[in-house]
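J.: In case you want the letters, here they are:
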Amino acid sequence: MKDMGDMLLRRQAFSEIVMANTALVRAMIEAGVRVAASYPGSPTPEIAAAIASMPAERRPFYFEFSVNEKVATELAFGAALNGHPSVVFFKSVGLNVAADTFVQLALMDIAGGLVVILGDDPGAHSSQNEQDNRHFARLAYLPLFEPAGPAEAYAMFKEAAQLAREKRSAVVLRLTTHVCHAKEKVSFAPYRPQAADDAPRFDPAAAAFVPIAAAVFPMKRRALARLEDFRAYGEGSPFHDRRDNGNEARGVITSGTVFLSLLDALEGSGDPPDVLKLGLSHPLPRALVSAFLRRHRQVLVLEELDDVLEGEIRALAQAQGIATEIIGKQDMEDWIGEYTPERVAARLERAWPGLLPARPAAAGSRLALSPRPAQLCPGCGHRSAFHAIKKALSDRDITVADIGCHSLGFLPPYRMGQVLLCMGASTATASGLALFNRTRRVVAFLGDSTFFHAGIPGIINAVFNRHELTLIIMENGTTAMTGHQEHPATGKNFNGAAPAIPLRRVLESLGIASIREVDAYNQERLTAMVREAVAEEGFKVIIARHPCMLKFTREKRRLGKWRRTPVAVNPSTCRRIHECVSVFACPSFQVDGEGAVRVQDDLCIGDGSCRQTCPAAAIEGGGPGGAQ
Amino acid sequence: MNAGRFDIYLVGVGGQGIGLLSETLLRAADHAGLAVRGVDTHGLAQRGGMVASHVRLGAGAHSPLVAAGRADLVVALERHEALRGAAAYLRDGGTLVYYDAVWQPLSVRLRQEAEVGAAAIDDECRSRAIRAVRVFRGDLSDPRMQNMAVLAEICRLGLVPGVNAGHCEAALDDLLAGAMLEKNLALFRRLAGG
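Chains A and B are the protein sequences, given in the same order. The C-terminal residue of the first sequence carries number 628 in this note's numbering, and the numbering is unbroken. The C-terminal residue of the second sequence carries number 194 in this note's numbering, and the numbering is unbroken.
Everything labelled a hint here was simulated from the structure, so no lab data went into it. The C-beta atom is built at its ideal place from N, Cα and C for all residues, glycine as well. Hints may be right or wrong, so weigh each one.
[Claimed, not checked] When the alpha-carbon atoms are kept at most 25 angstroms apart in a straight line, the in silico BS3-like pairs for lysine-lysine are as follows: (1) A:K561 x A:K492; (2) B:K183 x A:K561; (3) A:K185 x A:K220; (4) A:K551 x B:K183; (5) A:K220 x A:K2; (6) A:K2 x B:K183; (7) A:K551 x A:K561; (8) A:K492 x A:K551; (9) A:K167 x A:K220; (10) B:K183 x A:K556.
[Stated by the list, open to error] Derived coverage of chain A by chain B (criterion: at least 3 residues anywhere in the stretch with Cβ under 8 angstroms from a Cβ of chain B; other residues may be distant): (11) 182-194; (12) 262-272; (13) 400-414; (14) 590-596.
[Unchecked claim] Label-pair restraints from in silico Cβ distances: (15) B:R144 x A:V216: 57 to 65 angstroms; (16) A:D6 x B:G117: 46 to 54 angstroms; (17) A:N245 x B:D142: 35 to 43 angstroms; (18) B:K183 x A:N495: 28 to 36 angstroms; (19) B:G117 x A:G538: 36 to 44 angstroms; (20) B:G117 x A:L559: 50 to 58 angstroms.
Construct all of the structure, not just a fragment, from the sequences and the given hints.
T.: Put into structure tokens, the structure is as follows:
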């Protein structure tokens, strides 16, 4: 797969090892999708990376990164109203942002069909929670598919797109982190490009589109009726999987990637339970499930995160007078984390002792090493900023984090950003922390992409309601955490040049009088600015700016302009104060058992932002680092 | 290991090139005619945190995840992660191959814990009948090619049953192009041949 773009656009059938995020893009192409939109968030950004691999002029559909998930959903909805098959994709918590829009979709008559791809994150690998978005499909009366791996994601997307178009509906495809990123060989069908119909076919007379007051009820009836249509489809859907092991005593009902963990866990079992894996898990195919229940004396409902299926299945059994014993969640831990093969094995053992063959105990080691959490990169402007900001604040002051790379400032030794909620929440949270508070100064942090995503309302509110706080915008010129996507201040969008919307201009237009700007590498100046700002009354903003150095060095490398000039610690002047290792804490500084400091050259990018932190001036070499 | 199945757990620190290494092994195994599946950790982990990748070879594997304590081979690109990976994922009697780079984790840099030394790895491996293979080359022009040095050693010693240097070269040819391919292939050939 030398060229992913060529592969995705190949006319003939082929098979290739791909992750589900890549397989989804081929499915979009084959399904005739015309419009796709997203806001970056793990585990879904590789979908956009696959789209980007196709040269713009050969890309069979329009794609944009919108400013947030709500906007992306509305864009895709609007395009679908005109008859264009559309798709929107984002991470788990992105659905909270899009929720206001999402819950209305079932009321609508969506001519082109709209597929909503969710990247849920059991295990919270890259999210602030592990919310179970299967609830949201129920809240919104929308059908939900749960693929277990790349081949299913590909096939289910095509099915979902076709159903969405046929039923003029939205359909949800819920993946989880280890489905999005799982890799396997997928067999792809031929791609037969269809002539595009650009006509704007939205017909306001064709159906009700304005749900105001009493007009809501017929629209809701249509939504509920359509959900029953999907249930009828689901009873016979080829996307359910049954494993009949001839076991009348025991059955398991599951869905998604948990099914794969179950198959691994059951390996070698002498008397494996029958298995029903639901491909379309909402609306619940009641006849299929009740027949399965009736065939077994005990049924274990095996589901990651919440007891969504369990509740519905228990209600179904009660309503139909089915006596089968249903085993569901048993303790709090069953609600937490991913259902890996070893977790599922333990779960089976607890439900049915002796079911699995006795195996030699896994790994005999009892070693427990400290975790290695993600951290700010060498040369990161946020590190330099935190180092400087901390000097201007007291231990009693309160710092509020937002989502982004700067969230990592909560880790030792910085401990900056002591509370974190969600995208854009820092300014208003800090405003609340400042009420009645005359003794502890409140400082909020916000990244630049998040500023545009959801940060602006909190800022306007701080101006409007005259809140007292200091906001520090950590501007690195990109959406760094998710892989360096453009945002409205960068002057580029996914498709090319765009008018740049500078943060400062937005802030000035809101009438904010106290705005300071500084290069985050200039620590002395930043410390002085924070001291001044927190002493002032009212709402103050500091923009601490430095380009994302990971992006910067990658781009230099790509251009062949990268020269490694690491700093060095001069052993004759180093007084082992350890400011560089323990306080500034760039990972490039390492310390031996005797306390001698050395620079790990593999890591140091030579930015030189560390030199100013050494009281003994023992750090030598590297780039200009704050001197500019 | 189950008949015909081979589970590999790869671990390193974000930025070390675990992704390319695992993708190369996956594709090399495919070239060797084995059924393959796997998964990488993405997202936050790329920011200097622990990065892991699971590769499962042979028919009959379902989940892309290697079960803890069941890997036949652990491949690590950093010494602390080598010990962590072996302790958590390697089966007793398995093989650990690691590049002996040291990227101290925060707890070591803050002097809350001692750096993991070669002896700690030896002790762990000896007590669990693990074969340990240390890789270190003082002559690499670019630290981002440490993954190629490890790949070459895996092939030279035949640590993945059925997968040889030719399969790995074909996989690299699938994944890289131009100067990158030339550079990596040249290093791989020099080390895998020796």
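J.: With reference to the structure, classify each hint as holding or not holding.
T.: These are the hints, each one checked on the structure:
1. A:K561 x A:K492: Satisfied, since the Cα-Cα distance of roughly 23 angstroms is no more than 25 angstroms.
2. B:K183 x A:K561: Holds: K183 (chain B) and K561 (chain A) sit about 17 angstroms apart, inside 25 angstroms.
3. A:K185 x A:K220: Given pair K185 (chain A), K220 (chain A) is violated - Cα atoms ~42 angstroms apart, limit 25 angstroms.
4. A:K551 x B:K183: Answer holds: K551 (chain A) to K183 (chain B) is near 23 angstroms, not above 25 angstroms.
5. A:K220 x A:K2: At roughly 49 angstroms apart (the allowed maximum being 25 angstroms), K2 (chain A) and K220 (chain A) break the hint.
6. A:K2 x B:K183: holds (16 angstroms)
7. A:K551 x A:K561: Holds: K551 (chain A) and K561 (chain A) sit about 14 angstroms apart, inside 25 angstroms.
8. A:K492 x A:K551: holds (15 angstroms)
9. A:K167 x A:K220: Within the cut-off at roughly 15 angstroms; holds.
10. B:K183 x A:K556: holds (18 angstroms)
11. 182-194: This one holds; 4 residues, not fewer than the three required, reach chain B with a Cβ under 8 angstroms.
12. 262-272: Per the Cβ count (3), the hint holds.
13. 400-414: holds (count 5)
14. 590-596: holds (count 5)
15. B:R144 x A:V216: 57 to 65 angstroms: Holds: the Cβ-Cβ distance is about 58 angstroms, inside 57 to 65 angstroms.
16. A:D6 x B:G117: 46 to 54 angstroms: holds (48 angstroms)
17. A:N245 x B:D142: 35 to 43 angstroms: 53 angstroms Cβ-Cβ, so the 35 to 43 angstroms window is violated.
18. B:K183 x A:N495: 28 to 36 angstroms: holds (33 angstroms)
19. B:G117 x A:G538: 36 to 44 angstroms: With a Cβ separation near 55 angstroms, G117 (chain B) and G538 (chain A) fall outside 36 to 44 angstroms, so the hint is violated.
20. B:G117 x A:L559: 50 to 58 angstroms: Hint violated: Cβ distance 40 angstroms, outside 50 to 58 angstroms.
Consistency note: the structure conflicts with the earlier hints numbered 3, 5, 17, 19, 20.
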